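Kindly generate the complete structure, drawing on both the sequences and the hints.
Residue numbers (the working numbering), protein chains in the order written: chain B, 1 to 304; chain E, 1 to 260; chain C, 1 to 358.
Misleading hints may appear alongside valid ones.
To be verified - In silico lysine to any residue, SDA-like type, Cα no more than 20 Å apart, as pairs:
id, chain 1, residue 1, chain 2, residue 2
1, E, Lys136, C, Tyr13
2, E, Lys114, E, His80
3, B, Lys80, B, Leu188
4, E, Lys114, C, Lys129
5, C, Lys129, B, Ile92
6, C, Lys167, C, Ala108
7, B, Lys299, E, Lys193
8, E, Lys136, C, Gln18
9, E, Lys193, E, His80
As the list claims (entries may be wrong) - What follows is a set of in silico ranges between Cβ atoms, one per label pair, in the way DEER data are often shown:
id, chain 1, residue 1, chain 2, residue 2, range
10, C, Ser318, B, Phe3, 40 to 46 Å
11, C, Asp298, E, Glu139, 49 to 55 Å
12, C, Ser159, B, Phe3, 30 to 36 Å
13, C, Ser318, E, Glu139, 51 to 57 Å
14, E, Gly70, C, Pro227, 27 to 33 Å
15, C, Phe20, E, Gln62, 33 to 39 Å
16, B, Arg84, C, Val43, 37 to 43 Å
17, C, Asp298, B, Gly33, 35 to 41 Å
18, E, Arg18, B, Gly137, 50 to 56 Å
19, B, Phe268, C, Glu99, 53 to 59 Å
20, E, Arg152, C, Val43, 35 to 41 Å
As the list claims (entries may be wrong) - According to the in silico footprint, chain B covers these stretches of chain C (three or more CB under 8 Å from chain B):
id, region
21, 125-136
22, 146-153
23, 314-325
24, 331-338
In case anyone wonders, no lab produced these hints; they're calculated from the structure.
Nothing here was measured: the structure is a model prediction, and the numbers come from that model.
Virtual Cβ for every residue (Gly too), placed ideally from N, Cα, C.
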Amino acid sequence: MQFFLEVLIGGLLSGVMYALVALGFVLIYKASGVFNFAQGAMVYLAALSVVGCMEKGAPLWLAILLAFVIMTLFGIATEKFVLRKLVNQPPIALFMATIGLAFFIEGLAPMLFGSEPRALDLGIVDEPIPAILDAWGIVISKFDLVAAGVAALLVTTLALFFQYTRIGRALRAVADDHQAALSIGIPLQHIWAIVWGIAGFVALVAGLMWGARNGVQFALTFTALKALPVLIIGGFTSVPGAIVGGLIIGASEKLAEIYLPPVMQSLFGGNFGGIEGWFPYVLALFFLLIRPEGLFGEKHIDRV
Amino acid sequence: MSKKIGDVILDLQNISLRFGGVKALTDISFDVREHEIRAIIGPNGAGKSSMLNVINGVYHPQEGVIIFRGRERKKMEPHHAATQGIARTFQNIALFKGMSVLDNIMTGRITRMKASFVEHALWLGRARREELEHRKKVEEVIDFLEIQHIRRTPVGRLPYGLQKRVELGRALAAEPSMLLLDEPMAGMNVEEKQDMCRFILDVNDQFGTTIVLIEHDMGVVMDISDRVVVLDYGKKIGDGLPDDVKNNPDVITAYLGVSH
Amino acid sequence: MIYREAGQFKTSYAADQQLFPIRQDRIGVLIVLAVAFLAIPAVASEYWFSAILIPFLIFSLAALGLNILTGYAGQLSLGSAAFMAVGAYAAYNFQLRIEGIPILVSFACAGLTAAGVGILFGLPSLWIKGFYLAVATLAAQFFIVWCLTKFPWFSNHSSSGVISAQKIVIFGHEFASPREKYLLVLTLVAVMALAAKNMVRSSTGRAWMAVRDMDVAAEVIGIRLMPTKLLAFAVSSFYCGVAGALYAFCYLGSVEPDGFSLDMSFRILFMIIIGGAGSILGSFLGAAFILLLPIFLDIALPRMAGLLGLPFSNATVSHIQILLFGTLIMFFLIVEPHGLARLWQIGKEKLRLWPFPH
Ligand SMILES: Nc1ncnc2c1ncn2[C@@H]1O[C@H](COP(=O)(O)OP(=O)(O)OP(=O)(O)O)[C@@H](O)[C@H]1O
Ligand SMILES: [Mg+2]
Numbered sequence: 001m002q003f004f005l006e007v008l009i010g011g012l013l014s015g016v017m018y019a020l021v022a023l024g025f026v027l028i029y030k031a032s033g034v035f036n037f038a039q040g041a042m043v044y045l046a047a048l049s050v051v052g053c054m055e056k057g058a059p060l061w062l063a064i065l066l067a068f069v070i071m072t073l074f075g076i077a078t079e080k081f082v083l084r085k086l087v088n089q090p091p092i093a094l095f096m097a098t099i100g101l102a103f104f105i106e107g108l109a110p111m112l113f114g115s116e117p118r119a120l121d122l123g124i125v126d127e128p129i130p131a132i133l134d135a136w137g138i139v140i141s142k143f144d145l146v147a148a149g150v151a152a153l154l155v156t157t158l159a160l161f162f163q164y165t166r167i168g169r170a171l172r173a174v175a176d177d178h179q180a181a182l183s184i185g186i187p188l189q190h191i192w193a194i195v196w197g198i199a200g201f202v203a204l205v206a207g208l209m210w211g212a213r214n215g216v217q218f219a220l221t222f223t224a225l226k227a228l229p230v231l232i233i234g235g236f237t238s239v240p241g242a243i244v245g246g247l248i249i250g251a252s253e254k255l256a257e258i259y260l261p262p263v264m265q266s267l268f269g270g271n272f273g274g275i276e277g278w279f280p281y282v283l284a285l286f287f288l289l290i291r292p293e294g295l296f297g298e299k300h301i302d303r304v
Numbered sequence: 001m002s003k004k005i006g007d008v009i010l011d012l013q014n015i016s017l018r019f020g021g022v023k024a025l026t027d028i029s030f031d032v033r034e035h036e037i038r039a040i041i042g043p044n045g046a047g048k049s050s051m052l053n054v055i056n057g058v059y060h061p062q063e064g065v066i067i068f069r070g071r072e073r074k075k076m077e078p079h080h081a082a083t084q085g086i087a088r089t090f091q092n093i094a095l096f097k098g099m100s101v102l103d104n105i106m107t108g109r110i111t112r113m114k115a116s117f118v119e120h121a122l123w124l125g126r127a128r129r130e131e132l133e134h135r136k137k138v139e140e141v142i143d144f145l146e147i148q149h150i151r152r153t154p155v156g157r158l159p160y161g162l163q164k165r166v167e168l169g170r171a172l173a174a175e176p177s178m179l180l181l182d183e184p185m186a187g188m189n190v191e192e193k194q195d196m197c198r199f200i201l202d203v204n205d206q207f208g209t210t211i212v213l214i215e216h217d218m219g220v221v222m223d224i225s226d227r228v229v230v231l232d233y234g235k236k237i238g239d240g241l242p243d244d245v246k247n248n249p250d251v252i253t254a255y256l257g258v259s260h
Numbered sequence: 001m002i003y004r005e006a007g008q009f010k011t012s013y014a015a016d017q018q019l020f021p022i023r024q025d026r027i028g029v030l031i032v033l034a035v036a037f038l039a040i041p042a043v044a045s046e047y048w049f050s051a052i053l054i055p056f057l058i059f060s061l062a063a064l065g066l067n068i069l070t071g072y073a074g075q076l077s078l079g080s081a082a083f084m085a086v087g088a089y090a091a092y093n094f095q096l097r098i099e100g101i102p103i104l105v106s107f108a109c110a111g112l113t114a115a116g117v118g119i120l121f122g123l124p125s126l127w128i129k130g131f132y133l134a135v136a137t138l139a140a141q142f143f144i145v146w147c148l149t150k151f152p153w154f155s156n157h158s159s160s161g162v163i164s165a166q167k168i169v170i171f172g173h174e175f176a177s178p179r180e181k182y183l184l185v186l187t188l189v190a191v192m193a194l195a196a197k198n199m200v201r202s203s204t205g206r207a208w209m210a211v212r213d214m215d216v217a218a219e220v221i222g223i224r225l226m227p228t229k230l231l232a233f234a235v236s237s238f239y240c241g242v243a244g245a246l247y248a249f250c251y252l253g254s255v256e257p258d259g260f261s262l263d264m265s266f267r268i269l270f271m272i273i274i275g276g277a278g279s280i281l282g283s284f285l286g287a288a289f290i291l292l293l294p295i296f297l298d299i300a301l302p303r304m305a306g307l308l309g310l311p312f313s314n315a316t317v318s319h320i321q322i323l324l325f326g327t328l329i330m331f332f333l334i335v336e337p338h339g340l341a342r343l344w345q346i347g348k349e350k351l352r353l354w355p356f357p358h
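Next comes the structure, spelled out in structure tokens:
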């Protein structure tokens, strides 16, 4: 039971990290209807910019600041030079363009900052929290807890931003109705540029967390891909959905990884590790059969 | 108009349709007789398009009964409507943008083509024969609508008025017994409207096709329709001959926008 | 004036519906076939067969498969490589487990197996579309590769799932040399490309394109979405499956599941974006482009760097390659969404008017 709890909590906490990536997707999708496949690559670029700047001698805070500038500029440039040129194309073309964007980043980032895997030290140690270990005998990583805290902070900040600032309200208006947004008096293209900037920022936070936890390396982009099933489960337009979806994916994949292989082994013989690699996608598939619009998405009927 | 109008072929009874909290249609009943031109009019958002969507199975009403050719149906999918001889055009042109005019109209014949994909892949006798037979039929439609010169053009490159005409062609290619037209003349200039009117009357006249028509242009409606239904805010507020409807006080209020 | 249709009047719909209605196109295709079947086997070197021509043909076939699904039927898939893997492993197992089964029958069965798996993973397309579906196909990509690695039965208990393709014997003749394998692949690809062309120019293809362009309207004119979409998945996976079998049997000889990676799926997708979605010719052009570009970069980049005196590593070549792929994808989607095939067509139109400017 203790072990089960440990796996569950560990899974939930790593789910928070998926949610961080998924958040970036949701923001862009809500505001511009673009499904940004490159969000994972942006996380990689963000993490690489931080370690890259640190290698050139910048202290951590400056590296983060520089990475923030890079990510924002990059987001704005993407909007200006790629997506704006595709406004009237079908969504599927936009989606494929973001796949191209992902490749572009995956080629460019290592050319700028080097491709060898590196550690990113944020000064938070990845060790069990003694108090919890003593009281309940459960290992919970301090780092994971901090990451969860950061995620919570980020979500709250974003929520406040959307609620109380003029730009934030404009962003929400765009999400609901592009015409209405125009009447607020902020050009749609500025709004999109801002959203891409924010998505770059979210990618930076996710990149810091993931980079510190697993090292900054190309495999990050694969981890970030798991944000996609998170979105399917949570619904593409819902911030709470991204978080709940992230938790579900995180917890279930860890539990599956621990508890499924022995069962399969007794049935078929052989070694069945690596279930984590596909489990989130297959789970998402089942969700699609039951609730295609996602947990928090709205059902809608095409108008004709 | 001296044509023979037949029995009721479509009977809608107490139809109600909701989208979440929005009541698109409330308790609507009316019927359509064979060979007639039945118009549905009403202000924007009245539920006219929703009505057509209910008739050919795109939307499923929460309540009500639909009887088509004497058979009641509860839930019907659009492709069933097609096989039963109901064809339609859309308010916002719904052509297949990546295909040529010819191919678009050919799709209208699809329910009548029986060859399987294997026969198509191997280009066997039946597949080839069918393509030719149906091509002939489609060419008749093309001649009828006078669009021979744009046969090969991708529909996306055509001007709006011609696209509307091609869409009518696609519906006609199915040789429907009932044709649903959602604002076929919207956005057209006078000349194009006249052409379209002529096509609609010719279809009705030559092939005996029953037509249900949504149109905002009152002149057109009064000219060509046999009977008119008036909707407002999802409710039926008038039904009858064009002249009766024109003088119905409720209809006049709805159209002049007097407060509800 | 070399390429013109003036004077070629169609006197019947049959003539108008030929495979290649314009005479110059017919001649062109015949020349290409003659070169492929006669001239190339006579002159090409072993390296050309096994490093360029055979993979080109195989990937053209896979791209053709994806093009049927994505380009014609509008259902995006990111799992093409996994369906190739199914084909490769199925062909291997049919050869292994059924005594005396002819190799071509194995290939066909491999295609059918892939088609079955394709239908299974295509089921979500009945509820969802666009990128939702793309995510669903990622499940196929990861799950299939994992299964082939972990269940020892598929690879006959070889370590880490590696299989070695059996010999190819047809009517007692062994296809061993690269030239023979090339001819075998070429024949199969030519036949399957013809079949694909026939499908897309008939009502099967029109139903696919109708669903792609506007699914509600397609349903309203009587196209049933479910069978139409699933057929696209089946046919597409069949093509990918056969391509996978050929990949194992005629190209690499031995393969492992991890070889059929997500990256490979993306490359096949890039082939159809750059070559031209919704075009048979485009599948071939795209495959050639995506396969040749890295070879070209491998040769050209170090030389250019040498000329400029820049330091250079192999890693940089691969990064530049990835970067260039990404850039080209965005470029084509923005500038010419119909890809190289469309450029080719525009070129032909120019030729039709040549030497007059208009
Ligand atoms: N698919 C849908 N989802 C949600 N609401 C819908 C849908 N289709 C129609 N409605 C709503 O139903 C009501 C009736 O719409 P409908 O399109 O039938 O009106 P209409 O009479 O055709 O108007 P118009 O003249 O503008 O075409 C409107 O309030 C509309 O917003
Ligand atoms: Mg309407």
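Here is how each hint holds up against the structure:
1. Our distance criterion of 20 Å between C-alpha atoms is met by lysine 136(E) and tyrosine 13(C), whose separation comes to about 8 Å.
2. Of the supplied pair hints, the one linking lysine 114(E) and histidine 80(E) holds, its CA atoms being roughly 16 Å apart against a limit of 20 Å.
3. At roughly 12 Å between alpha-carbon atoms, lysine 80(B) and leucine 188(B) fall within 20 Å of each other, so this suggested pair holds.
4. For the hint pairing lysine 114(E) with lysine 129(C), the CA-to-CA distance comes to about 27 Å; that exceeds 20 Å, so the pair is violated.
5. The suggested pairing of lysine 129(C) with isoleucine 92(B) holds, with an alpha-carbon distance near 9 Å, which does not exceed 20 Å.
6. Taking the CA atoms of lysine 167(C) and alanine 108(C), the gap is about 16 Å. The hint holds against a cut of 20 Å.
7. A threshold of 20 Å between alpha carbons decides the hint, and for lysine 299(B) with lysine 193(E) the separation of about 38 Å lies outside it, so the pair is violated.
8. With a CA separation close to 15 Å, the supplied pair lysine 136(E) and glutamine 18(C) stays within the 20 Å bound.
9. A distance of roughly 31 Å separates the Cα atoms of lysine 193(E) and histidine 80(E); the hinted pair therefore is violated under the 20 Å criterion.
10. For the pair serine 318(C) and phenylalanine 3(B), the beta carbons lie near 43 Å from each other, so the given range of 40 to 46 Å is met.
11. A beta carbon spacing of about 54 Å between aspartate 298(C) and glutamate 139(E) agrees with the range 49 to 55 Å that was offered as a hint.
12. The given range of 30 to 36 Å is respected by serine 159(C) and phenylalanine 3(B), whose C-beta atoms sit roughly 32 Å from each other.
13. Between serine 318(C) and glutamate 139(E), the C-beta spacing of about 55 Å keeps the proposed range 51 to 57 Å intact.
14. Roughly 29 Å separates the CB atoms of glycine 70(E) and proline 227(C), a value that falls within the hinted 27 to 33 Å.
15. Between phenylalanine 20(C) and glutamine 62(E) the beta carbon distance is about 53 Å. The supplied range of 33 to 39 Å is therefore violated.
16. For arginine 84(B) paired with valine 43(C), a C-beta distance near 49 Å fails the hint of 37 to 43 Å.
17. Separation of aspartate 298(C) from glycine 33(B) is about 39 Å and conforms to the stated range, judged on CB atoms against 35 to 41 Å.
18. Here the CB-CB span from arginine 18(E) to glycine 137(B) is close to 55 Å, well matched to the stated 50 to 56 Å.
19. A hinted range of 53 to 59 Å is violated for the C-beta pair phenylalanine 268(B) and glutamate 99(C), which are about 25 Å apart.
20. With their beta carbons about 40 Å apart, arginine 152(E) and valine 43(C) fall inside the hinted range of 35 to 41 Å.
21. For the region 125-136 of chain C, the assignment as covered by chain B holds, since 8 residues bring a beta-carbon within under 8 Å of that chain's beta-carbons and 3 suffice.
22. Check result for the region 146-153 of chain C against chain B: holds, 5 residues qualifying (beta carbon to beta carbon below 8 Å, three or more required).
23. Under the rule that three or more residues need a Cβ within less than 8 Å of chain B, the assignment of the region 314-325 of chain C holds, with 9 such residues.
24. Here the region 331-338 of chain C counts 3 residues with a CB under 8 Å from a CB of chain B, which clears the bar of 3, and the coverage holds.
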